[in-house]
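Protein chains: 2
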Amino acid sequence: MREFTEASLTEAVVKRIGRTPDARLKKIMSSLIRHLHAFVRETRPTEAEWAAGIEFLTKTGHMCDGKRQEFILVSDTLGVSMLVDFINYGRHAKATESTVTGPFFVPGAPDVPIGGSIAAPGTPGQPARVSGSVKDDKGKPIAGAVLDVWQASGEGFYDVQPQSNTSGGTNLRGKIRTDANGEFWFRTVLPVSYPVPTDGPVGRMLKATGRHPMRPGHLHFAIEAPGFRRLVTHLFTAGDKYLDSDAVFGVKKSLVVKYKKAKSGEWTVHHDFVLVKSGKRPRR
Amino acid sequence: MREFTEASLTEAVVKRIGRTPDARLKKIMSSLIRHLHAFVRETRPTEAEWAAGIEFLTKTGHMCDGKRQEFILVSDTLGVSMLVDFINYGRHAKATESTVTGPFFVPGAPDVPIGGSIAAPGTPGQPARVSGSVKDDKGKPIAGAVLDVWQASGEGFYDVQPQSNTSGGTNLRGKIRTDANGEFWFRTVLPVSYPVPTDGPVGRMLKATGRHPMRPGHLHFAIEAPGFRRLVTHLFTAGDKYLDSDAVFGVKKSLVVKYKKAKSGEWTVHHDFVLVKSGKRPRR
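As given, the protein sequences belong to chains P and S, one line each in that order. Taken in order, the first sequence gives residues 1 to 284; the numbers are from my numbering. Taken in order, the second sequence gives residues 1 to 284; the numbers are from my numbering.
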């Protein structure tokens, strides 16, 4: 009869999944089992600590619904999402850098014509005008690139958050297409710093570990064009006091942009995005 | 401005929790961050694989309610619960060994007098009589020890599972106290092998990794007495075909007991439990 010890258990569990048909799944699960066991061996949790872990995961799951993704927030705040970002997109000479998607992306944003606004009338915040271009790494403009943009309001809430003032409608989201010259512009409000949601398990974790929940102001972009890799990135607002301590570790210097105040009082910024051709492997 | 690389990110995240007031929490979280990042570095998940992981956790959370604990089932089926058991209870000369609690323990089981039955009339299964004693490691009987017992029916379901025939009531659970001689006996049905719940994420994980979901037949015990460590254990049914491949790795040879058929047709078993005094550290 098989019987295990603290020493023999881990490899017995790995052996148990030895007949996993999918080789990639087998590799991931074997690695997961070994790292999970290594974590337990190192920390030697009491039964009560183990139960607290089970409860944290359970409450995190219960916090998730169609509008809230608390597990992505766990991944973001523990730096896992950025690690996945580094591994997948990596760095490419000349190309715009990527950063985290975050928990607030919603597919199916409305189309917004060039020059239109993604902010519904009355959206809290200072008016801003964002312009730029999408090019390849040789400087050639990409016409018809789709920029899926989303952001929080001047009060720091996304439309899907219960605190937003958008009464359930879509706001501060839009899909904009570059024109024949690869250029675009749209109106919105100035992105400001805001806390990630703190009313769930992640908020309690941040507090218990002495961390603030703030992210520097930023505008999200997911940019797609045929023949190019999808780029998920932010433009961070220069001068924000949280650029050095983003709660999700997402800041990259090249993504910080300076808004200028026009005579009209509108904040303006211009940024040229450079996409990577499909299939290009990152440099490390 | 701080900016991270794949190489520098992990220690930056650990540093971010450097002001955690609780030293134990700081140690656990630092270890969690490093092991989680090590897992990601080793497996290098694609964005789609990372998203599948988030979805697995989310669905596991959504499966949990007052009667179902899918995260405990994840912990059990990946051997983590047994590792925590080894670390905490360990081995003690002469004392009864421990094993997993599992996801089906419910506090507040009804008191059952010695000689009573934990099985409601009509419970599917073959009649059984379980007797034994509770002693200290010097062989001294422990009077008034409380044995909290629970098990699945002869059809392999616990009362809290939707497939059970108990129409929402408590069944196959009870708290029994040892008499002045440290002895007890009660009636029930013979424990048989059964699958852990397979209608959720854990079931899909077991199938995808080529594993069966079966546990050998067993009767759960949580035994408490003043001055002694609480013992959580099973008695496994000898001869069960799944003793060698328990889906949660919980079998220990010393916990396998042989039921004998009495002339009345009732299965009978006798087992003497030995408790460890409070504060005794396990030998490894």
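Source of the hints: derived by calculation from the structure; they are not laboratory data. A couple of the hints might just be wrong.
Remember, identical chains collapse to one label, so a pair may be satisfied in a single copy or spanning two.
Unchecked claim - Okay, derived cross-link-like pairs now, PhoX-like style, lysine-lysine, Cα gap no bigger than 20 Å in a straight line: (1) LYS258 - LYS59; (2) LYS241 - LYS258; (3) LYS94 - LYS253; (4) LYS207 - LYS59; (5) LYS261 - LYS277; (6) LYS26 - LYS140; (7) LYS260 - LYS241; (8) LYS26 - LYS175; (9) LYS27 - LYS15; (10) LYS59 - LYS15.
Results for each hint:
no. : hint            : result
1   : LYS258 - LYS59  : neither (40 Å within a copy, 41 Å between copies)
2   : LYS241 - LYS258 : within (14 Å within a copy, 69 Å between copies)
3   : LYS94 - LYS253  : within (14 Å within a copy, 63 Å between copies)
4   : LYS207 - LYS59  : within (16 Å within a copy, 26 Å between copies)
5   : LYS261 - LYS277 : neither (35 Å within a copy, 74 Å between copies)
6   : LYS26 - LYS140  : neither (43 Å within a copy, 50 Å between copies)
7   : LYS260 - LYS241 : within (17 Å within a copy, 74 Å between copies)
8   : LYS26 - LYS175  : neither (39 Å within a copy, 43 Å between copies)
9   : LYS27 - LYS15   : within (12 Å within a copy, 30 Å between copies)
10  : LYS59 - LYS15   : neither (31 Å within a copy, 26 Å between copies)
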